[in-house]
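Undergrad: If you're matching them up, the sequences are chains P and H in order.
To convert, note that position 389 of the first sequence is 389 in the numbering used here; the numbers rise steadily by one, no gaps.
So the numbering used here is basically just the index in the second sequence, starting at one, shifted up by 470.
Simulated from the structure, these hints should not be mistaken for laboratory data.
It is possible that part of the hints are untrue.
Keeping only pairs whose Cα atoms sit at most 25 Å apart, straight-line, the calculated SDA-like set for lysine to any residue is [as the list claims (entries may be wrong)]:
1) P:K222 - P:S125
2) H:K526 - P:A445
3) P:K94 - P:A73
4) P:K342 - H:S473
5) P:K138 - P:S125
6) P:K104 - P:N228
7) H:K526 - P:V414
8) P:K342 - H:T490
9) H:K567 - P:K219
10) P:K342 - P:T310
11) H:K526 - P:N323
12) P:K342 - H:N583
13) H:K522 - H:T587
14) P:K94 - P:V110
15) P:K55 - P:G21
16) P:K138 - P:D15
17) H:K522 - P:G322
18) H:K507 - P:A416
19) H:K567 - P:A445
20) P:K60 - P:K104
21) H:K526 - H:T494
22) P:K222 - P:T250
23) H:K526 - P:S316
24) P:K219 - P:S316
25) H:K522 - P:T454
26) H:K526 - H:L585
27) H:K507 - P:V470
28) H:K526 - P:I325
29) H:K526 - P:T452
30) P:K94 - P:L124
31) P:K138 - P:N77
32) H:K522 - P:Q467
33) H:K522 - P:N463
34) H:K522 - P:T343
35) H:K522 - P:G318
36) P:K138 - P:W257
37) H:K507 - P:K60
38) H:K526 - H:P576
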Amino acid sequence: MGIETDFSVDLDSGDIRHVSGTTVYNVLDLHLYLQDLADDATGIDNDNPSVLAGKRDATKPTVLTLPNDGPLATEFNIDDDASQYINFGSVEQKGGDELYSGFKTIGGIVSASPIYVVQNNSKLSKFWSDGHIQILIKAKTGGSLIDNGDVTAYSRKYGQTYSTFDVNLAAGSETAAAIATSIDSAITLSLAAAQTVFGNITITPGAVSKDLGNGNGAKPYKGVINVNGEALSDVYQALMYATNETSTETINGVPGWRYRKLDAAYTENAAYPFGSFAGGKWFVAQGWWIEGYGAGDAQAFELIDDNGDTQAPPVSTGVTIGNLISGDRVLVAIGSGGVIDKTQYTLASGNDSGDGTIVINETIPADTPNTGFVRIGDDRYEYTSWSGSTFTLSGTLSQSYSSGTDCYVPLIDVEATSSSETVTVTYVSNRDLVIHVRHGSGSEAIVPFSTTGTMSSSATTINTVRQADV
Amino acid sequence: MGSVVDIVYNSNTYSFDFSTYIVTVGMDKLLVPDLYKALRLAEETDTGIGHKAIAKGEGLAVLDSDGSDTIQTALTVTLFHGWLVLSSKTSGTFAIKNGNLVADPPGSVFAENSLVTYIGFFSESGTIARVSTGSAVTEQDKIDIVNGVWGYER
Chain P
1 MGIETDFSVD LDSGDIRHVS GTTVYNVLDL HLYLQDLADD ATGIDNDNPS
51 VLAGKRDATK PTVLTLPNDG PLATEFNIDD DASQYINFGS VEQKGGDELY
101 SGFKTIGGIV SASPIYVVQN NSKLSKFWSD GHIQILIKAK TGGSLIDNGD
151 VTAYSRKYGQ TYSTFDVNLA AGSETAAAIA TSIDSAITLS LAAAQTVFGN
201 ITITPGAVSK DLGNGNGAKP YKGVINVNGE ALSDVYQALM YATNETSTET
251 INGVPGWRYR KLDAAYTENA AYPFGSFAGG KWFVAQGWWI EGYGAGDAQA
301 FELIDDNGDT QAPPVSTGVT IGNLISGDRV LVAIGSGGVI DKTQYTLASG
351 NDSGDGTIVI NETIPADTPN TGFVRIGDDR YEYTSWSGST FTLSGTLSQS
401 YSSGTDCYVP LIDVEATSSS ETVTVTYVSN RDLVIHVRHG SGSEAIVPFS
451 TTGTMSSSAT TINTVRQADV
Chain H
471 MGSVVDIVYN SNTYSFDFST YIVTVGMDKL LVPDLYKALR LAEETDTGIG
521 HKAIAKGEGL AVLDSDGSDT IQTALTVTLF HGWLVLSSKT SGTFAIKNGN
571 LVADPPGSVF AENSLVTYIG FFSESGTIAR VSTGSAVTEQ DKIDIVNGVW
621 GYER
């Protein structure tokens with residue numbers, strides 16, 4: 001058994017064909033076999049069947065030409081079937097019009113990770129086993145490169161991380177594609193269950209402008225995934241299902257098995273086409289906006305907008321002042337060392353008597369209560385909303401204010417109506433607080449309670465110390 | 471709106487200016503307990519809540535042994551942050567009664583009004599003769615009571 005048994009060579013027609021066996025021979029083996037035939041008594045009067053580029057070197061891929069320009073113009077050639085049993089080099093034939101180029105995968109993979117090759121947007125029919133491959137791929141035919149010689153190696157087995165690598169085979173010889181896979185511990189659903197989840201979500205490619213409410217304003221995205229209440233951990237798995245090798249789903253007009261990214265300009269996440277899932281959080285691939293998730297998932301994702309900027313959902317925080325009684329006067333403001341920062345902002349020009357807004361020179365931070373009071377010195381104005389640098393008042397300014405006048409916005413500025421008062425805001429950064437609680441009359445009068453605290457990324461509670469007044 | 475808060479207590483008006491930290495009163499005799507009640511009310515107004523506390527009050531310790539609470543040490547009101555009392559009277563005398571009024575840090579408690587003579591009276595509760603008969607009162611208590619009563623005249 002050997003190459004002479006597995007291959008037939010017709011020295012008159014030039015056809016080199018695989019006829020038996022499963023052994024794969026390297027290109028140098030083929031050359032040696034052809035040259036051995038050529039020097040036989042029956043072959044010595046035929047054209048030379050193969051020409052080697054450079055010296056024989058078993059350690060390097062062999063570049064072999066099957067000529068058609070001999071005295072007899074014999075067109076030596078292999079066919080697609082024969083090419084499946086040859087590797088480690090390239091075979092050029094038909095006067096350079098046809099090229100079988102060497103291709104292999106390398107890298108750390110889960111044992112027997114399946115690999116498929118896409119050429120000109122189609123999967124090549126597999127003639128290889130799972131695990132790393134070393135094959136010949138027809139890169140040129142009829143004098144033209146197939147898709148410019150480009151091919152892409154994929155390994156996308158549901159349950160494992162995915163891998164993708166682009167190569168160009170135009171130069172012949174052998175080209176390597178780096179493939180890496182590992183077990184994806186975030187995959188817990190069966191393929192069928194993930195498919196069911198995928199059926200419940202809606203993917204809508206197309207440019208949108210969305211505001212995550214994290215203080216960064218509206219940002220551009222290139223598509224929307226409405227998860228329709230599905231858990232984001234399950235949606236992640238559903239999208240891995242949709243992009244696995246056997247997927248029949250279509251995403252943004254592309255078969256799922258070769259979907260790679262939403263926009264050609266984006267950086268691909270080859271291991272996770274829709275982003276990774278780790279630590280209970282889905283790091284969504286660039287350009288996708290997600291919606292329709294439950295409250296429990298409000299913090300369980302992170303986006304990358306079309307500009308490439310990471311957009312994390314807002315973190316809710318807040319302050320609760322406890323141990324109150326109805327009628328307590330409560331004020332919680334940003335400050336340090338027990339002193340309220342009354343210079344938090346400065347007024348812009350044009351804040352005039354009768355105006356229904358207060359405009360400041362700064363951008364109002366995201367951790368400003370949705371409603372509350374703006375204090376300009378000892379003047380106190382209720383606002384019902386804010387945006388940008390403008391507070392919209394429930395009333396109007398009672399006087400005109402000079403540009404640059406200091407003002408501030410307490411987090412809580414109320415008379416208590418129950419045993420606690422709470423404000424919930426979007427976390428921006430840790431804020432040092434000054435807290436005043438007073439109740440100056442009646443049998444419930446207390447010594448003024450003043451303390452300090454910090455509002456961090458998690459809500460804080462401060463209980464009033466009620467010391468009876470003299 | 472503004473920095474001035476008028477508090478009416480026991481038919482008297484106390485005008486707290488949170489921009490100058492001066493409380494203006496118009497009566498002839500300022501009762502320290504009433505001032506204390508008024509300033510507590512001022513502190514809890516929309517304006518006052520944005521400022522530090524005006525004062526603290528101490529005293530009113532029960533001295534009699536029968537628990538009737540009829541004999542107490544005087545109320546000492548300590549004004550913070552430079553708060554001053556200004557009499558709006560344009561002539562005559564202005565008296566502080568029924569307690570002690572001091573400043574922290576130590577200093578004057580009166581804003582300048584050259585038209586008025588300020589007089590401090592001993593606290594009624596602290597000067598009652600019955601103090602000497604209280605079985606629970608030590609000799610040192612008696613000294614402290616007397617020394618603790620504020621007196622000021624100009």
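Undergrad: Which hint numbers does the structure go against, in order from smallest to largest?
TA: Failing hints, ascending: 1, 6, 9, 10, 12, 13, 14, 15, 23, 26, 37.
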